[in-house]
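Trainee: Residue-level listing of the chains:
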Amino acid sequence: MRVLLVEDDADMAASLKASLTADEHDVEIAGDGELGESMALNGGFDVIVLDRMLPKKIGTDVIKDLREQGLSTPVLMLSALHDEDHRVEGLEAGANDYLGKPYSTRELLARVKALWNGRDRDAQTRLQVGDLEMDLLARTVKRGGKKLDLQPREFRLLEYLMRNSGQTVTRKMLLENVWDYHFDPQTNVIDVHISRLRSKIDRDFGQSLLHTVRGSGYRLEA
Amino acid sequence: MRPSLALLRTTTFRLALVQAGIVLLFVVALLIYLYVATIGQLNADSDVLAEQEYAALESAYGEGGMRRLNQEVVERAARQGPLLYVLAESNGTVITGDFPQLPTVPVGEAIEQVDFSFERTDEGGGGERGRARGQVGRLLNGPILLVARDLGDTALIAGRITRALWTVAALGLISSLAIGLIGAWLASRRVEALTNTTRDVMAGDLTRRAPVRGDDDEWDELGHAINAMLDRLERLMHISRTAGDAIAHDLRSPLTRFRHRLESALDAEPDTDADREALRKALEEADRLLDMFAAVLKLARVESNPDWRFQRIDATEQLRELVDFYEPAAEEQGRTLRGEVADGLVLNGEPGLFAQAVSNLIENALKYTPEGGRIEIRAVRRQDGRIEITVSDDGPGIPLADRERVLERFVRLESARSTPGAGLGLSLVAAVARLHRGGLHLRDGLGDDNHRGLGAALVLPAIDAAAAR
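Residue numbers (the working numbering), protein chains in the order written: chain L, 1 to 222; chain A, 223 to 691.
Keep in mind the hints are simulated off the structure, nothing from the lab.
There may be inaccurate statements among the hints.
Lysine-lysine pairs mimicking DSS-like chemistry, simulated, CA-CA at most 25 Å apart [what the hints assert, rightly or not]: (1) A:Lys503 with L:Lys101; (2) L:Lys101 with L:Lys147; (3) A:Lys503 with A:Lys589; (4) A:Lys520 with L:Lys101; (5) L:Lys57 with L:Lys101; (6) L:Lys142 with L:Lys200.
Given the structure is predicted, the values throughout are model-derived calculations rather than measurements.
Using the sequences provided together with the hints, build the complete structure.
Mentor: And the structure:
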C-alpha cells in the first residue's frame, strides 16, 4: 500500500516511516501542509496519514482542500488535540479517522489498514470470513450453515471485525467504532465482550476464527 | 488613595457639581421670571400712569396757566393715591406737592423718565422711605413738574423675594456640594475597601473577600460578584497547586521504576528474552504515565470551563447502554451489576463526558466491590426535575470524614493504594457534574450497616423530554 505521511517532526516521521515500511507499505514523507497537499493530489496514494498541526497549512485546511478537489483517498488525522470537539472538527473537515497523540505504533498501523479495507464498506450487504457469513439486510449470522443467535451489540462487534478481517483491530478501535466511547476503561470490558462473542462463533466449531493479538487487540481470520 | 484630591475626582462629586450648577441655573431663571412678572410690570404700569397724569397737568397749565396748574397739583396731591406730585419754580424751589424739596433727579428741557428714592415725614411724624418712578420736565416759561408713582410695598416685597431667592440659591449650591462631597466620601470608602481587597489578593492573599454589608444594594451585588469570582479563583489556584504537587509526587515513583528498568536492562548481559521483558514493562509504565497525563489534561480542560458542545443527550438510552456494556465484565468478575433506569431522562450536555463520568462511577464500584458483591445503577427523575444517577455498591465504602476529600484530584485513600489508578476518577466525575451545573454526592451504599458500601449520586439538571424533541 502506498502511504503518504504528512508530518513536520523529522524524528517522528522517520520512526513512523520505519514502522510502516516494516509493515510492507511504501511510504513518502511531506514536511509541511502545502507540500503534503500537492503530493497527495499527484502521488496516487492509497492512504494519507496527516498531522493536524503543520507548518504552512494546517491539517484540517489541507484535508478540506483535498476533498474540494475531489480526492477521496482515506485520511487518518493525527493530533495532540483529541477531545470530542477536535475529533468532530477533524472528521467534519473530511478525515476518515482520527487518532489522538500519544498513540502506539500498532494502533496507527491497525487504523491505516482498516482505512484501506473499509473503502467500499458501505456498498457491502453480505460479509464472509471462512465459513462465517453475515447478512446485513436480514441481520443474520451463520457459520457452516448453522444460524447463530447474536445480541444486537454482538452483531455490531462482529460486523466491525468482519469488515476488518485479516487485520489487527485494537481495543480502542472497537470502543470507538462499536460503542462510540472515547475513553479507556480500566477494566477488561472489551476482552469480556470478545470472549462472549468468541464462545458463540467459535466454541462449537473446529477452527477458531477470532484470535487475540497479544498486547494489541484481536484479529478475525479464517 | 489620597483622600483630599481623590475625593474631588470621584464620579459622585462630579455629579454633585453638575447638580449644583443646575440649581444655580434654575434660581437665575426663577429670578428673571419674578423680575419680569413683578417689578417689570409695575414699572410699565407706573410709566403709563405718570405719562397720562403729566399730560393732563401739562394741558391744565396750557389752559389756565400757573394758577390752574397749582390748583390742580394741590387737589391731586391731596387725594390718597399712589401718585406723587411736585410743582417747583424754575430754580427748583417747591411751590406745592408731596415733597418739601425737589427729589434729586436730573431736570432738563425735555420730559425725562426718572427712578428715585425719597424720604418724607408721614402723618405720625416718622420718616418714610420709598422708591418712586415717573416723569419730570420743565413746562413753558420754566416751572418744573414731577409726576411719579410710589412703588411702595410691591417693590419692597419683590426685593425681599429676590434676596430670599439668592439666599436659597447659595444654600442650595453649598448643600449640593456638601452632599456631593459626603456621597463621594462614602462611595470612595466602599471603593477603597474593594480596591484594598483586590490589592491584597494580588499580593497573594487569596482568602481575602470584599466586604458585604447586607444592604442588598448595588455595592453588595458587586461585592458578591467579586467574592464569587475570588472563590472560583481560589479553588482553581488550589487545584493547580495541589495538582502540581501531586503530579510531582505521583509521577516520581513510576518514572523512577521506568528509569530503573531501562538502566538494569542496559547494565545486564545481553539476553533477548530478559531485554524484551524489560522493554515490555517499560512500555507498560510509559503507557500508565501517558494515561495519567491524559487524565490530568482532561480534568484541567473540563475544570477550566471551555466551550463544550452541549447537545441533547438521551440519558436513558446512554445509561442502559453503559449497563449493557459493563454487565458482562461484572459477571465475569463474580459481581452482579443491575440497572434500573427510568424512561424519558433527557439532559443537555456533552455526550462523551457524560458517558465517561458514569463509566468512571461504575468502574470505581467494580474496582472496590469484593467478589460476590453487588452493584446497582439507578436513574430517576427527581421531584425537583433533576436527574439523579446513583451507582451504589456493597464494597468497603468511604468513611464519612473522607467523602469530601476524595472528590479532590489525586486523593487516594490508603485502602486504595494497592489498586491501580491515579485518584482522578471521582474528581473528573465531580468536575463533569459542575460543568453541567450539577453535583456529585457520596452516600452510603448497599451495605447492611450504616457505613458500608458507597453510593455515588450524580445529580444533573434535566430538560423536558417532550420539549427537547
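Trainee: Quick one, are A:Lys503 and L:Lys101 close enough, alpha carbons at most 25 Å?
Mentor: holds (21 Å)
Trainee: CA of L:Lys142 to CA of L:Lys200, is that 25 Å or under?
Mentor: holds (11 Å)
Trainee: Are A:Lys520 and L:Lys101 close enough, with their CA atoms no more than 25 Å apart?
Mentor: holds (13 Å)
Trainee: Against the 25 Å threshold, does the CA-CA distance of L:Lys101 and L:Lys147 hold or violate the hint?
Mentor: violated (42 Å)
Trainee: Given the proposed pairing of A:Lys503 with A:Lys589, does the C-alpha separation stay at or below 25 Å?
Mentor: Holds: A:Lys503 and A:Lys589 sit about 23 Å apart, inside 25 Å.
Trainee: Take a quick look at whether L:Lys57 and L:Lys101 sit within 25 Å of each other, Cα to Cα.
Mentor: The given pair, whose Cα atoms are some 20 Å apart, holds under the 25 Å limit.
Violated hint: 2 only; the structure is consistent with all others.
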